[in-house]
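A.B. asks: Take a look at the letters that make up each chain.
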Amino acid sequence: MNTTEIVFQLLGTAVVASPAILLAILGLSALSGRPLNESSISRLTQASVLFSLIPAIGILAMMLVLGTRYVPIEWGDWVTIPQHDFHFHLKFVFDRLSVPFVILSCVLCGVVGSFTRRYLHREAGYARFFLYYAMFFTGMVTSSLAGTIETLFVGWEMVGLSSALLVAYFDERETPVRSGQRVWSIYRLSDAAFLIAALSIHHMTGQGDFGGLMSSGIWPDGTAAVTPQQALFVGTLLLVAAAGKSALFPFSGWLPRAMEGPTPSSAIFYGALSVHLGAYLLLRVSPLFDVSMTLRVMVITLGVLSAASGALMSRVQHDVKVSLAYASLTQVGIIVVEIGLGFQYLALIHIVGHACMRTMQLLRAPTLLRDYQTMENALGSRLPTSRSRIDQWIPVWLERWCYRFGFGRGFMDTALDQWIVAPFVSIFQRFDSWERATTDWISHEESRESDKAELHPESTGRKT
Amino acid sequence: MGELHFPWLESSILIPLLGAIWIRFFAHPENSLRQAVAFCALTFALTVGELIDFVTLGTFEAHDHWAFINWLFDQEVFVVDELSAFLLPLGALIHLVVVMSTLRTKAPRFSLTSTLVSEAILLATFSCRASWTLVALMAAATVPVYIELERRSRCTRIYALHMFAFVILLVLGWASLQFTDSSSEAVLIPGALLTAAALIRSGIAPLHLWMTDLFEKATFGTAILFVTPLTGAYAVMRFVLPIAPSWALQSIAILSLTTAVYGGAMSLVQKEARRMFCFLFLSQASLVLVGLELVTPIGLTGALCVWLSVGMSLTGFGITLRSIEARISRISLADFHGLNRQMPTLAGFFLLTGLASIGFPFTVGFVGMELLIEGAVEVYPLVGTMVVIAAAFCGITVMLAYFRIFTGRSNATLIPMHARLSERIAVMVLSVLIIGGGLVPQPGVASRYHAANELSEQRQQNPMTIDVEEADEVVDHSDDANETIESIHQEREYHSNESNSDSFILTPPGHIETPQP
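Taken in order, these protein sequences are the chains called A and B. If you use the UniProt record's numbering, the first sequence corresponds to residues 1 to 464, in order. If you use the UniProt record's numbering, the second sequence corresponds to residues 1 to 517, in order.
Note that these hints are calculated values from the structure, not bench results. Warning: the hint list may mix true and false statements.
Listed next, the in silico SDA-like pairs over lysine to any residue satisfying Cα-Cα at most 20 Å (straight line) [said to hold, decoys possible]: (1) B:271 to A:178; (2) B:271 to A:433; (3) B:271 to A:431; (4) B:271 to A:170; (5) B:271 to A:451; (6) B:271 to A:437; (7) A:452 to B:334; (8) B:271 to A:430; (9) B:271 to A:432; (10) B:271 to A:425; (11) A:452 to B:330; (12) B:271 to A:424; (13) A:452 to B:325; (14) A:452 to B:272; (15) B:271 to A:450; (16) B:271 to A:90; (17) B:271 to A:428; (18) A:452 to B:422; (19) B:271 to A:426; (20) A:452 to B:335; (21) B:271 to A:417; (22) B:271 to A:436; (23) B:271 to A:75; (24) B:271 to A:422; (25) B:106 to B:334; (26) A:452 to B:420; (27) A:452 to A:437; (28) B:271 to A:421; (29) B:271 to A:423; (30) B:271 to A:448; (31) A:452 to B:154; (32) A:452 to B:329; (33) B:271 to A:435; (34) A:452 to B:271; (35) B:271 to A:429; (36) B:106 to B:422; (37) B:106 to A:431.
Note that the structure is predicted; figures quoted are calculated from it, not measured.
Just need the whole structure built from these sequences, with the hints factored in.
C.D. replies: The structure is reproduced here in structure tokens:
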């Protein structure tokens with residue numbers, strides 16, 4: 001290993017290890033019941049972001065100077081059974097896709113950390129927020145740099161869990177918690193699709209390395225080493241996974257709900273970072289789309305549907321965060337269309353630009369509202385609204401339908417609840433009642449005592 | 001057979017028995033809980049000593065030094081092997097943390113004597129190889145729970161009916177196996193009886209009603225102790241795996257898989273925490289059986305790893321629920337309780353153990369679950385998919401329970417509800433094991449893989465357990481049974497090479513290795 005490779009290894013290791021160390025420190029302090037004080041937490045967080053960001057920029061600079069396009073960081077096998085060629089390989093890759101994305105993640109997480117330091121000052125859940133933050137940051141860095149699909153899955157899971165917990169951060173109210181639960185449920189289902197896809201890739205190529213899937217060339221010039229049928233199967237599963245993570249159609253319902261979290265986290269994490277993770281996954285496996293035209297058409301269709309529904313919904317929301325969340329969805333939909341059309345670089349630039357722009361918008365939104373109010377106070381009336389020329393050409397019935405569709409958030413949550421959740425619950429409640437009938441029959445009495453169980457008066461508040 | 005440097009096995013069985021006698025007849029009621037913890041801790045230390053001694057010996061099986069029982073009966077009764085070496089500390093740990101997390105106010109209801117007796121029976125079961133002694137121990141383990149149900153004046157019909165069927169099938173199966181030539185097809189009958197017994201004990205649907213009933217009617221601690229060591233899976237491993245043909249095992253795997261998905265889905269619709277826990281456990285425990293019955297080395301390794309993770313994480317999950325129940329009575333999942341502020345340690349631990357049980361990254365269950373799914377996909381891709389779906393259901397359930405119990409409202413109570421010192425210690429011990437096992441999984445996986453290989457080899461010694469089609473092909477060419485097995489190995493090697501070459505052919509022309517800069 002020459003000096004350049006050693007430097008690459010050291011810098012790469014720092015990028016990945018820094019957030020993991022932050023997570024370990026904050027996790028241990030939480031588990032031991034000895035939380036750190038606010039200033040220690042914020043200093044550790046800043047240091048962690050810097051120790052990730054600076055080496056990442058260093059790697060980018062070295063890659064540009066040396067003309068290197070592919071820097072693998074091998075940590076060896078975490079688990080291995082050599083006799084059966086089973087290995088969980090920890091490999092991180094710095095290439096044209098992962099470097100911009102990891103730098104973007106570090107910058108935006110740094111902004112969140114810096115903003116939250118003051119925003120949540122003296123909040124009871126300050127340490128809890130930063131623990132979830134550390135998990136999110138670790139997950140984002142791991143997902144961005146993952147060189148194997150298993151490693152990507154680890155990061156993906158961490159992002160999912162931390163997102164759900166961050167959405168439910170204000171845990172003394174029901175609504176954020178219900179929203180967190182919704183986010184987690186959608187994520188779990190998309191994670192299941194992801195895991196099945198990962199296993200299928202393993203099965204088809206004999207390894208989880210992305211190199212096994214995109215066997216020739218480095219991103220974005222890879223060629224998938226699978227048949228069109230295999231590409232369609234794996235690609236469809238990955239599309240479901242990406243749709244769940246990026247809140248694409250029909251899973252968009254969780255995105256406005258995610259805005260329940262504290263402003264900096266909900267705004268940037270969901271509106272600007274994790275909402276792009278699905279698109280990032282599609283970019284990573286984009287050589288699959290060259291193999292299957294059907295898959296390509298599916299990707300483009302999904303992007304168009306998401307962009308169109310996002311545009312409709314963002315225009316009629318009366319909450320600025322929700323409106324911006326749906327505006328994000330529109331852009332992500334367009335990014336997915338770009339990926340489907342094969343414009344990978346354009347999609348990557350679009351992701352970076354959109355994430356930065358949306359971050360600024362989301363952080364500016366509360367003060368912008370205040371500015372509007374100031375202006376209206378000065379004018380003594382509402383600011384004038386203009387009607388676009390296109391609107392004049394749209395029939396009234398279509399306009400009304402679009403309004404209802406947008407205002408009802410595409411009825412996506414209602415559809416999922418009515419057509420998937422309700423039948424599922426109904427079927428298994430039926431099984432539950434059959435079980436009750438059987439045990440009652442065998443016992444010759446009411447067998448289920450838990451139904452009658454009342455909570456202890458000290459924990460009152462139970463709805464009757 | 002190797003010999004341990006100390007009678008670890010017999011001591012670890014004797015100590016809880018002595019403890020039971022001491023607490024029943026001599027201990028002052030006020031000190032009984034503390035003394036029970038001491039006995040359990042000593043037992044745990046002995047089992048850890050056994051594990052360390054066994055690992056350093058580097059043998060497949062070993063018996064005690066100065067084994068009194070062996071000398072008395074002139075036969076090997078208590079023997080530890082690679083399959084049970086980890087189960088003994090696991091069983092002792094489960095008992096230790098359950099007793100440690102028992103509130104003093106609950107001690108009169110939760111019989112410490114019975115718990116220590118159960119621990120002795122469990123450790124004896126895990127130390128005993130398949131024989132009449134093991135059958136007797138498995139039957140005996142059902143008695144303390146029955147006595148508790150009787151003492152609590154609860155209806156015992158469902159429990160008694162299922163356990164009676166379990167014991168009868170076990171006895172009949174084992175008895176008929178003694179009179180059957182293990183290489184003849186007649187072995188299928190005792191095999192079927194033993195399988196049915198194991199399925200009942202494991203609570204495979206629709207034979208799981210006793211388990212939900214037990215969680216309704218017994219004390220939570222007793223229910224946890226009776227189910228979490230996965231004695232049913234142990235019965236499958238000792239009685240069924242060595243004799244059942246692969247096709248039969250794979251059929252059972254499908255049943256277990258159905259239970260895993262069913263349990264996961266049912267846990268989602270439950271309105272009460274104990275029942276939710278029961279179905280969650282059922283789902284995860286069934287996954288262990290799925291792995292065991294796949295009979296591939298990877299699947300078996302996964303099952304043995306998940307076994308340890310389920311034992312630890314779901315015991316932790318259960319004792320957290322039990323600790324909360326001890327403070328606020330039965331926990332409804334229809335309401336939000338907002339207990340996070342009152343018991344932050346337990347909340348964190350609840351989340352950790354719940355996530356570990358579903359195989360979240362960097363917890364003890366992750367690699368086991370990956371191996372299990374990998375093994376399942378090797379046999380049937382659909383099975384792997386269903387395992388993932390079951391895990392997804394369980395994941396949603398865990399977070400749902402967390403949100404319902406610990407969040408959702410502000411709950412200002414008049415009484416302190418924080419975790420006591422003994423609860424904290426129990427929680428910390430399990431947390432260290434769960435995270436430590438998740439961060440450094442290789443030693444555990446290597447050991448479990450070795451055990452899985454031994455289990456596979458045991459099966460290979462019985463011609464009945466080799467696939468009929470393969471055996472038919474090979475029997476034509478050889479008369480001797482050993483030759484048959486050897487030929488099958490060769491055949492398998494040939495097939496595996498063939499399949500490798502197939503996968504090579506699938507690679508499109510112009511295949512280039514992973515790009516390098």
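A.B. asks: Hey, residue 452 of chain A versus residue 437 of chain A, does the alpha-carbon distance stay inside 20 Å?
C.D. replies: 16 Å, holds
A.B. asks: Is residue 271 of chain B within 20 Å of residue 430 of chain A, Cα to Cα?
C.D. replies: Status holds; Cα separation ~14 Å.
A.B. asks: Is the straight-line distance between the alpha-carbon of residue 271 of chain B and that of residue 432 of chain A 20 Å or less?
C.D. replies: 11 Å, holds
A.B. asks: Keeping to a limit of 20 Å between CA atoms, is the pair of residue 271 of chain B and residue 428 of chain A held or broken?
C.D. replies: 12 Å, holds
A.B. asks: Regarding the pair residue 271 of chain B and residue 425 of chain A, is the alpha-carbon distance no greater than 20 Å?
C.D. replies: 12 Å, holds
A.B. asks: Need the status of pair residue 271 of chain B, residue 429 of chain A: alpha-carbon distance at most 20 Å?
C.D. replies: Status holds; Cα separation ~10 Å.
A.B. asks: Under the criterion that the straight-line Cα-Cα distance not exceed 20 Å, is the pair residue 452 of chain A, residue 325 of chain B satisfied?
C.D. replies: 15 Å, holds
A.B. asks: Are residue 452 of chain A and residue 154 of chain B close enough, with their CA atoms no more than 20 Å apart?
C.D. replies: 15 Å, holds
A.B. asks: Would the hint linking residue 452 of chain A and residue 335 of chain B be met if the CA-CA limit is 20 Å?
C.D. replies: 14 Å, holds
A.B. asks: Please verify whether residue 106 of chain B and residue 334 of chain B have alpha carbons no more than 20 Å apart.
C.D. replies: 25 Å, violated
A.B. asks: With the threshold set at 20 Å, check whether the alpha-carbon distance from residue 271 of chain B to residue 417 of chain A stays at or below it.
C.D. replies: 19 Å, holds
A.B. asks: Is the Cα-Cα distance between residue 271 of chain B and residue 170 of chain A 20 Å or less?
C.D. replies: The hint is violated at about 24 Å.
Hints 4, 16, 18, 23, 25, 26, 37 from the list above are not met by this structure, while the remaining hints are.
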